[in-house]
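Novice: Here the protein sequences come in this chain order: A and B. Using the working numbering, read the first sequence as starting at 33 and increasing by one per residue. Using the working numbering, read the second sequence as starting at 1125 and increasing by one per residue.
Hint data in this document are derived by calculation from the structure and do not stem from the laboratory. Everything numeric in this text was worked out from a predicted model, so none of it was measured. Cβ atoms here follow ideal geometry from the backbone N, Cα and C, with glycine treated the same way. Treat each hint with caution, since some may be false.
Not close to chain B: a few residues of chain A, all C-beta gaps over 10 Å, as computed [said to hold, decoys possible]:
id, residue
1, Pro82
2, Lys169
3, Ser191
Quick partial rundown of chain B residues pointing at chain A, CB under 7 Å, derived from the structure [said to hold, decoys possible]:
id, residue
4, Ile1170
5, Arg1192
6, Leu1221
7, Ile1229
8, His1238
9, Leu1253
10, Thr1257
11, Leu1261
12, Tyr1263
13, Phe1264
14, Val1269
15, Ala1274
16, Met1277
17, Trp1279
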Amino acid sequence: APGCSRRPRRPGTSNTAPHPNYAAPMGTTAKEEMNKFWAKNAKLNRPMSPHLTIYKWSVPMMMSITHRGTGVGLSGAISAFALAALVLPGNYPYYLDLIHSLYIGPYLIGLAKFGIAFPVSYHTYNGIRHLWWDIGKGFKIPEVYRTGYTVIALSVITSIAVAFL
Amino acid sequence: MAAIVRLSSVCRRGVKPLFYQSTFLARPLAVPHTYKEHPYQLTAKIHASQALCGSGSKAASLHWTAERVLSILLLAMGPVAYFNPGPFMDYSLAAALTLHGHWGIGQVLTDYVHGDAKIKMANAGLFLLSTVTFAGLCYFNYNDVGICKAVAMLWSK
Chain A
33 APGCSRRPRR PGTSNTAPHP NYAAPMGTTA KEEMNKFWAK NAKLNRPMSP
83 HLTIYKWSVP MMMSITHRGT GVGLSGAISA FALAALVLPG NYPYYLDLIH
133 SLYIGPYLIG LAKFGIAFPV SYHTYNGIRH LWWDIGKGFK IPEVYRTGYT
183 VIALSVITSI AVAFL
Chain B
1125 MAAIVRLSSV CRRGVKPLFY QSTFLARPLA VPHTYKEHPY QLTAKIHASQ
1175 ALCGSGSKAA SLHWTAERVL SILLLAMGPV AYFNPGPFMD YSLAAALTLH
1225 GHWGIGQVLT DYVHGDAKIK MANAGLFLLS TVTFAGLCYF NYNDVGICKA
1275 VAMLWSK
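So here's chain A without its partners, still in its complex pose (with noise of 0.2 Å):
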C-alpha cells in the first residue's frame, strides 16, 4: 500500500508518538515515482543525457559493471548447458571426448580453463566483497581500492592455479 493508510491525519502531523513532524509524507510509492518519470519522459522521447561515455571511469566502476557481467555470463553459460543437456543426442563423456579428439594442444586448454575459472573465481572473491559491503564494513573510499585490488590479484591467481590443475 502506497504511503501510510493506517489512519487519516492532517498534513503535516505525526502518525506516532508525541514529537513535531514537519515532514508530509507523499501519496504515492517510490516505485511509482519512478515509473511516472520514465513513462512521461519516454513519452516525450526525450533523449538520454551521456552518462558512460562522458563520466571518468574508475576501478570501483569497472569492478562493479564486471561483477555483474561476469554473473550475467556464467548464468548463461548455466543455462546453455542445462538447454543443451535436454536437447543434444549424446552424453557428457561423449561430447567430452569429441573435444579431446580435437587435439586442441595444452596449451590452449590451459587458456580455456582459464577462460572459465577466471570468471568464477573473480565472481565468487568479489561476491564475497559485496557481502562485506552488507554488514556494513569496508565503504571508507581507501578501503574499497584495497579490498577491489585484493579481489583482482586473488583472481588471477586462483584462476591460473586452478588451470595448472
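Assemble chain B onto chain A, guided by the hints.
Specialist: Below, chain B alone, put in the same frame as chain A:
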C-alpha cells in the same frame, strides 16, 4: 521568505524531518496550509520510511535478505561439493545455482527494463529460462554423470 536554521542545529537532531529552507538546496518544499500558524516552518515532502510508518510490505526487504543467505549458502557449497561429491550435492547445486542466477538476472532486469508491460514480459521470459535451466540440470543429474562429476571430468582433460 527564508527561514534559515543553522545546519548544526539540524544535524544535532540526527536525520529527522527537515524544516529549513536554503537557497543552496534544490529540495522541493511544500508549504502546507498550516504555514500561517507556523510562519517559520516549511515542510519537506518525503517518502515515509518503514520506521515512521510501518504499514508497508516487507517483501522487498525479505527478498534482499534471502538473496544474501543464498549467496552464503552457495559459497559453502563449493568446498563441500569438492570434498563430498555425489547426487545430494548435484541437486543442491542445481537448485542453488539456478535460484542465485534467477535472482541475479532479476536485479539486472529491474535496473535496465522500464515500463510496466516490458517489465512483466522480461520477468516472464526470465522465469521460463530459469525453469528450463533447472529442468535441464536435474535431467543432467539424473540421466548423465551429474554436476560434480562433470566438473571433475572437464578438469581432468
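Novice: Would the stated hint for leucine 1221 (chain B) survive a check requiring a Cβ distance to chain A of less than 7 Å?
Specialist: holds (6 Å)
Novice: Close enough to count: is the Cβ of phenylalanine 1264 (chain B) nearer than 7 Å to one in chain A?
Specialist: For phenylalanine 1264 (chain B), the interface hint holds, since the closest Cβ of chain A sits about 4 Å away, which is under 7 Å.
Novice: Does arginine 1192 (chain B) hold up as a contact with chain A if the rule is Cβ-Cβ below 7 Å?
Specialist: holds (6 Å)
Novice: Was lysine 169 (chain A) rightly flagged as not at the interface, with every chain B Cβ beyond 10 Å?
Specialist: holds (14 Å)
Novice: Any CB of chain A closer than 7 Å to the CB of histidine 1238 (chain B)?
Specialist: Since chain A brings a Cβ to about 4 Å from histidine 1238 (chain B), closer than 7 Å, the hint holds.
Novice: Taking the closest pair, is the beta carbon of proline 82 (chain A) still more than 10 Å from chain B?
Specialist: holds (17 Å)
Novice: Go through the hint on isoleucine 1170 (chain B) and say holds or violated, using the shortest Cβ distance to chain A against 7 Å.
Specialist: holds (5 Å)
Novice: With 7 Å as the cut and Cβ atoms as the points, is tryptophan 1279 (chain B) at the interface with chain A?
Specialist: Holds, because the Cβ-Cβ distance from tryptophan 1279 (chain B) to chain A comes to roughly 6 Å (cut-off 7 Å).
Novice: How about alanine 1274 (chain B): closest beta carbon in chain A under 7 Å, or not?
Specialist: holds (6 Å)
Novice: Could you check if tyrosine 1263 (chain B) really has its C-beta closer than 7 Å to a C-beta on chain A?
Specialist: This interface hint holds because 6 Å falls under the 7 Å limit.
Novice: When you look at the beta carbon of serine 191 (chain A), is every beta carbon of chain B farther off than 10 Å?
Specialist: holds (13 Å)
Novice: Answer holds if the nearest beta-carbon of chain A is closer than 7 Å to that of methionine 1277 (chain B); otherwise answer violated.
Specialist: holds (6 Å)
The structure is consistent with each of the numbered hints, conforming to all of them.
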